[in-house]
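Asker: Could you build all of it, start to finish, from the sequences and the hints given here?
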Amino acid sequence: MSSSSSDQKGTALPGFGGFFDAFQGQLQSMPALQSRLLQEMQTFNTEAMEFVQKRVEHDVEASGKLMACKTPAEAAEVMRAFYDQAFQEYSAQASHVFERALAVVQGQAEGQASDKPKKAGKPSADG
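Residue numbering for the sequence shown follows the numbering used here, beginning at 474 and increasing consecutively.
The reader is advised that the hints may include incorrect statements.
FRET-style restraints, in silico, Cβ to Cβ [said to hold, decoys possible]:
id	residue 1	residue 2	range
1	Arg509	Met552	41 to 47 angstroms
2	Lys538	Glu513	36 to 42 angstroms
3	Asn518	Val578	16 to 22 angstroms
I should point out that these hints are in silico values taken from the structure, not numbers from a laboratory.
Think of the CB as a built atom: it goes at the ideal place given N, C-alpha and C, for glycine as much as any other residue.
Answerer: Laid out in structure tokens, this is it:
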């Protein structure tokens with residue numbers, strides 16, 4: 474009953490050998506992908522904190538302007554300007570986050586595509 478390890482290959486889970494072989498390239502690319510995702514998360518967190526810091530500064534600035542108002546009309550104008558600016562900044566930030574996330578997903582898909590073995594094509598005329 475002695476058999477070599479090459480005879481045993483794929484028998485631990487019969488029928489799944491092809492399944493595991495299909496994902497071998499993806500498994501090999503995981504460390505690079507994880508590294509890129511961690512870098513992207515670090516960049517995202519830094520940008521998010523910078524955005525929050527700017528928004529807090531604008532909040533404090535608006536509070537100061539609001540306290541200096543002498544009439545309800547002035548206060549309403551300060552609040553309108555504050556909310557207009559906040560809406561524009563939050564919209565721009567949301568678009569930026571979406572674009573970055575899309576770029577990461579597309580980059581991962583392209584990375585997986587480049588990890589796949591190339592299919593043999595038709596031989597060229599010169600070779």
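Asker: Each of the hints needs a verdict: does it hold here or not?
Answerer: Hints, verified against the model:
Distance hint for Arg509 and Met552: a CB-CB separation of about 43 angstroms, consistent with the stated range 41 to 47 angstroms. Between Lys538 and Glu513, the C-beta spacing of about 37 angstroms keeps the proposed range 36 to 42 angstroms intact. Here the CB-CB span from Asn518 to Val578 is close to 18 angstroms, well matched to the stated 16 to 22 angstroms.
The structure fails none of the hints (numbered hints given earlier).
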